[in-house]
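Q: Okay, here's what each chain looks like letter by letter:
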Amino acid sequence: MTRDVVVIGAGVVGAAIARELSGYNLEVTLIEAKGDVGDGTSKANTAICHTGFDASPGTLESRLVHSGHQLLCEYANQTGIPIDKVSAMLVAWDDEQLQALPGLKAKAEQNGYDKAYLISAAATYEKVPDLGPGALGALIVPDESIICPWSTPLAFATEAVSRGAELMRDAAVTGVDVGQSTTLVHTTKGDVETRWVVNAAGLGGDTIEAMFGFDRFHLHPRRGELLVFDKLARPKVPVILLPVPSKMGKGVLISPTVFGNVMLGPTAEDMTDREDTATTAEGFDFMVDKARHLMPTLLDEEVTAAYAGLRAAHDQSDYVIEADAATRYAVAGCIRSTGLTSSMAVAEYVADLLKQAGLEMHRKSDAELPEPPKMPQIGEQAQRPFEDADLIASDPAYGRLVCFCERVSEGEIRDALHSEIPARDLGGVRRRTRAHNGRCQGFYCGAHLTAILQSSVREEI
Amino acid sequence: MNTHVPVAIIGAGPAGLQAAAVLAPRVDGPVVVFDREAQAGGVPRHCNHPGYGMRDMRRVMTGPAYARSLVKLADRAGATIKTSSMVTDWADDHSFNVTSPKGRDTVTADAIVIATGARERPRAARWVPGDRPAGVFTTGELQQAIHLEHQKVGSQAVVVGSELVSWSAVLTLRMGGVNTVAMVTESPRPETYAMFTYPGSLVFGTPLHRSTRVVRVIGRHRVSGVEVEQLSTGRRAVIPCDTVVFTGDWIPDHELVRRAGIEIDPATLGPRVDAGLTTAREGVFAAGNVIHPVDTAGVAAMDGVHVADSVFDYLSHASAPGSAVKIVAEAPIKWVTPSAFRAGGRKPPAGRLLFWADRYVPRPTLVARQDERVIGTVRLGQAAAPGRVFHAPWQLVAGARPDAGDIQITLG
Ligand SMILES: Cc1cc2nc3c(=O)[nH]c(=O)nc-3n(C[C@H](O)[C@H](O)[C@H](O)COP(=O)(O)OP(=O)(O)OC[C@H]3O[C@@H](n4cnc5c(N)ncnc54)[C@H](O)[C@@H]3O)c2cc1C
Ligand SMILES: Cc1cc2nc3c(=O)[nH]c(=O)nc-3n(C[C@H](O)[C@H](O)[C@H](O)COP(=O)(O)OP(=O)(O)OC[C@H]3O[C@@H](n4cnc5c(N)ncnc54)[C@H](O)[C@@H]3O)c2cc1C
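Quick mapping for you: the protein sequence lines, in order, are chains L and V.
Reminder that position 137 of the first sequence reads as 128 in this note's numbering, one-by-one numbering, no gaps.
This note's numbering runs 1 ahead of the 1-based position in the second sequence.
Everything labelled a hint here was simulated from the structure, so no lab data went into it.
Remember, predicted model here, so these are calculated numbers, not experimental data.
Hints are supplied without guarantee of correctness; some may be wrong.
[Said to hold, decoys possible] Residues from chain V that keep clear of chain L, each with C-beta distances beyond 12 angstroms, as calculated:
hint	residue
1	T234
2	A332
3	A344
[Unchecked claim] The calculated label-pair distances, taken between Cβ atoms and stated as ranges, are:
hint	chain 1	residue 1	chain 2	residue 2	range
4	V	A238	L	R265	45 to 55 angstroms
5	L	H284	V	R237	42 to 52 angstroms
6	L	R449	V	K73	26 to 36 angstroms
7	L	H284	V	A384	50 to 60 angstroms
8	L	A380	V	R211	49 to 59 angstroms
9	V	R237	L	Q90	15 to 25 angstroms
10	V	P363	L	E451	57 to 67 angstroms
11	L	S356	V	G262	47 to 57 angstroms
12	V	A92	L	A114	32 to 42 angstroms
13	V	R211	L	S111	50 to 60 angstroms
For each residue, glycine too, the CB sits at the ideal point set by N, CA and C.
The following block holds chain L by itself, in its conformation from the complex (with noise of 0.2 angstroms):
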């Protein structure tokens, strides 16, 4: 059967996409090269929901990240998805810094954010005593939020398969055929025929655009590191330490995450390979140096986890987004590093260009519309399942610990390889329970976490 529209990436950008389109009458597929959802980019980022206070004034981004900060927030409560308004902290530590905050409030302004304001020294340390010496001051952004950057596309996904898209995981587009009224979309797992194809396919997306006769723009891996801190710093880093832009390079920031960790990073480092997330030494130095300086006792505590993400560095100024009504073929591209927040109102933004180009789509109405999913609950801020005697008493297997570190029990195990979108894998486990991603990062739930998906995938066959 022809699509109306098939979706290529189910990054978190692309998953937005086929949530918003399948709440139109349209018969949408989502296409994935990887085995799961948010498998690319957007599994490994900051994690922040961005108010867009710091973006260039103007543009498609910073008027997409200010609207989407305020969908997500919002559709976060409703789903259940991990988030928490822990307010950001810009630190100076020079006489340049100190003087550019000023103008990074009027910038906020600009950005229609007018709740930044700044604080003194010791206004500075009252709020994060664990800062090392030399802070000058520092600008407050109340709204600054840290999100679970797992749950988001996978809700977004699964909202969108319980409106009737379809999802292909495992499913590489590797060509497409532009005909008359309907596009061949060939993928590793067979042909796709639509009338439109949108292209979400974050660090792959110059690739796609070639497929459809463009060249608008290039993209290459920029690569992030990032170190996880052992859950007993959180109490050091109350909220989100943000670098002040400088002449002195780069900075790093240290955020908490909705798991309770403490996280520090990221480097930015250009490269050629679009796979290579690799850690490197380099990065580790990097990182540290800043800490030493920034918060010298968060190397006190234990390492959890490294991890590497791409950003999708390119050549443009802003977000490249449009509809090309010729070849029924659109474009959420150039999407670097505020995507995650963004990735609503892209979606409704580029809802907007389909419908401007002739695509005919009406709203369905409410009633047609199934209830928004209600994501497990594996943030801080709210109760978990292991400290909820109610769910224990009716499911026993929610009372049955596998991971202990994180506390995550079978039934949630259970749970995420049962769900809408079943984990398929280990990495899928652990982006929808949390599972394996604690302190001891296996000793005691490897093996056993590795038998329950070993019985699942028996029973699958």
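Put chain V with the ligands on the given structure of chain L with help from the hints.
A: Just chain V with the ligands now, kept in the frame of chain L:
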């Protein structure tokens, strides 16, 4: 649900089970051991090789057999062992919350023994960069995979470390049909252990790379090799393999101690305890590898016996632990335990101080000083070597004064 018990023990490993076995017949009311695993017994459950029981059971046993005898011992003594019961957090100073399939309990206890053990640092905590493929293990995970879950883990392994436990990893790999292609250790000399000459000889023929560190794990989906660097020359090479086992490099499972705000010894990273194994909090005790990361199971079990007396004394006439001075050791000693000294207190388990060294010292002399004054000197018969505990008699510090400041121990 709220429960009150005279004694709660957190962790049913050798330390917790032995403490329970000694306390249960002596204490009026239930002595309850909580363990988050489905089976009690602690780490020995999955060390399916001989090397257990020599000290306390007077015979050589495998880990699982040893674990079973300890469980039987505690059980017969009348202790209550609650498995699949994880202590998740504190409700207040003497109460904690437990999650189990039966629900959520708040347990209040007059005396609490923390016997939560220690784990090996995983790869990231050792700052080893590179790809993040499957096939990277700690010994703990490896043993559970092979002995408890009967999984096929790989075929060619590199073992990182040369502690006691590293030989255990090699042995486990062999039993799991995995060939150890190399052992890599930063130490200039491998540390075998007298009783481990047997497994040591089994790995005879395995190339041992000394003074070498792992600088990178390679492989996108599955490990394809590790890059190593010779410390003296900086020369690098890749050892092809599909499995890497990071062994040793212990850290106590101290989460509950830290969350309670109980003083931590920055050297062991476990709770600071005195010779009676009392922590800085009244009525809270600690035993086993959580206070010495790590010694053998027999030593953990001995702690359990020892702490039982302290708990019993405390329950008979509860009194706040008096003021203590710290026992601090200097490099190359990494840690010493007990690390708090109270005048007039008991001697530690077996009357010994336990130490861990960062480098090899053949026939060391230990000197204890307080306020610059020498209070004890001991010449040891055994070497101080990284990767295993060495000990010295308590006399070394027994002459300390409670008002003369920290006790400093140096090794020469
Ligand atoms: C280190 C780092 C920190 C960041 N911090 C933040 C932050 O704090 N806040 C924030 O808002 N943003 C942040 N970002 C940016 C954010 O992560 C990205 O903007 C966002 O994830 C991009 O989503 P996407 O869906 O466009 O791309 P992706 O997540 O990469 O999704 C694209 C998907 O397309 C698939 N694909 C590619 N080619 C094909 C093909 N031919 N066929 C089928 N599928 C294909 C890929 O497999 C992939 O899953 C950060 C990024 C990095 C790297
Ligand atoms: C691979 C390996 C090989 C070894 N080989 C030998 C050997 O051959 N001979 C030898 O003598 N020793 C050996 N050892 C050392 C020996 O196993 C340990 O010294 C011993 O198990 C320590 O006992 P323990 O009671 O202190 O801790 P553990 O045995 O670690 O037990 C701690 C228990 O506490 C439980 N626990 C922790 N936190 C909580 C919580 N919050 N709530 C509930 N329960 C909790 C855990 O589930 C665990 O069961 C080996 C160790 C390893 C890792």
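Q: So is A344(V) really clear of chain L, every C-beta pair being over 12 angstroms apart?
A: 31 angstroms, holds
Q: Does the beta carbon distance between H284(L) and R237(V) stay inside 42 to 52 angstroms, or does it fall outside?
A: Hint violated: Cβ distance 30 angstroms, outside 42 to 52 angstroms.
Q: CB of R237(V) to CB of Q90(L), is that within 15 to 25 angstroms?
A: 46 angstroms, violated
Q: So does A238(V) sit 45 to 55 angstroms from R265(L), Cβ to Cβ?
A: Violated - the Cβ-Cβ distance for A238(V) and R265(L), about 28 angstroms, lies outside 45 to 55 angstroms.
Q: Given a hinted range of 26 to 36 angstroms, is it respected by the beta-carbon distance of R449(L) and K73(V)?
A: Cβ of R449(L) to Cβ of K73(V): about 35 angstroms, so the range 26 to 36 angstroms holds.
Q: If we take the beta carbon of A332(V), is the closest beta carbon in chain L still more than 12 angstroms away?
A: 18 angstroms, holds
Q: Confirm or reject the statement that T234(V) sits farther than 12 angstroms, beta carbon to beta carbon, from all of chain L.
A: About 17 angstroms separates T234(V) from the closest Cβ of chain L, which puts it past 12 angstroms; holds.
Q: Can the suggested window of 49 to 59 angstroms be confirmed for the beta-carbon pair A380(L) and R211(V)?
A: Given range 49 to 59 angstroms: holds, Cβ gap about 54 angstroms.
Q: Note whether the CB distance of H284(L) and A384(V) lies within 50 to 60 angstroms or breaks it.
A: 41 angstroms, violated
Q: Is the gap between the beta carbons of R211(V) and S111(L) within 50 to 60 angstroms?
A: For R211(V) and S111(L) the Cβ distance comes to about 55 angstroms; the hint holds.
Q: Kindly confirm whether 57 to 67 angstroms is satisfied by the beta carbon distance between P363(V) and E451(L).
A: About 59 angstroms separates the Cβ atoms of P363(V) and E451(L), which means 57 to 67 angstroms holds.
Q: The hint says 32 to 42 angstroms between A92(V) and A114(L); measuring C-beta to C-beta, is that right?
A: At roughly 34 angstroms between Cβ atoms, A114(L) and A92(V) fall inside 32 to 42 angstroms, so the hint holds.
Of the numbered hints stated above, those contradicted by the structure are hints 4, 5, 7 and 9, listed in ascending order.
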